[in-house]
Amino acid sequence: MPFDAMSDRDDEDLLALYATGDAAAARVLTQRLAGPVYAHAVRMLCGDRSEAEDVTQDALLRLWRAAPSWRKGEAKVSTWLYRVTANLCIDRLRKRKDGPALDAIPEPEDGTPSVNARMQTKARNDALQDALMQLPDRQRQAVVLRHIEGLGNQEIAQIMDIGPRAVESLTARGKKALQDLLAGRRDELGFEDEDAT
Amino acid sequence: MNWGLKMKTPPDTSLTAQPSAEFDAELDDLFAAAKQTPAMPDQGFLARLEADALAQMPAPAVRVRQSLWQQISEVIGGWKGIGGLATACAAGLWLGISPPSGIETLIIEAMGGETLNVDPLSSFDFAMMEG
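Respectively, the protein sequence lines represent chains A and B.
Throughout the first sequence, residue numbering follows this note's numbering, covering 1 to 197 in sequence.
Throughout the second sequence, residue numbering follows this note's numbering, covering 1 to 131 in sequence.
These aren't lab readings, by the way, just hints derived from the structure by calculation.
These numbers come from a predicted model, not from an experiment.
Cβ coordinates follow ideal geometry from the N, Cα and C atoms, glycine included.
A portion of the hints provided could be inaccurate.
Partial chain B-side listing against chain A, Cβ under 7 Å, derived [claimed, not checked]: (1) Phe23; (2) Ala25; (3) Leu27; (4) Ala34; (5) Pro38; (6) Phe45; (7) Leu46; (8) Glu50; (9) Asp52; (10) Leu54; (11) Gln56.
So that you can see chain A by itself, here it is in the shape it has in the complex (with noise of 0.2 Å):
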């Protein structure tokens, strides 16, 4: 089957293909879910992004291996996906002693022309990165998931393996935290000069 003609296939069909051996759907799936696997596991793992590739690498790998034995209607596969990825992650802090440093931190890649909104958006999203990374891991998975990665409180109960008020509870407090974190730097975000405005 041509490459465009599979953008429209869903991932299960596309898995389908791959477990017969098409070439095609192996590369669109690959496109399709690398990108957000690797963005979750870099929020996941304090912007390590070498090790983000290790964790996408793996997850992905899986993903392969599952599929002839895929059972269509049971799972999504996004969602299998986040969860394996998430359980990637969450092994690999563990292991951590000391995380990196917040140095470390890989500047985002953005496309906005002014200089100051530039360092701004790069101060807005290391200050939320460094606010995330001091949550426990279960709420900051929470939390990205809804409030970045956009995902709806069923599906993160999936990923999670919980239920959905506990997935309300867990960004709830998550956000709360946050929101506690970053309180002393809303000046240095350009929320005051916003207020003033």
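Please arrange chain B on chain A, whose structure you already have, making use of the hints.
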């Protein structure tokens, strides 16, 4: 009694116990900024991931196009079926060319003991039969 120790006053959390709507909006701005600038895998890494995917991919099922003869052979039942069919054809042909002597008598008896010879090329035979 506190044995002369100064009791530490717990921090006043009343201001932060409930997130203000304004602060909530600011946090949403931070989330939105983070959402707009996701970390992207570079092309070299994507190429490695693609290579992994192709290396792990099961081999495609090979479909061999069959010739007409192979398809017929499969329908009949392979070489055994073809052998049986050929034997039956040969036996039928042999019985037609050179029937065993007893068979003709059996057929005549089964038809009522009379023989009727009809030569479709001879109108004389018809006339004789009708008298």
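- Item | Hint check against the structure, violated hint numbers in rising order | Number 2 only.
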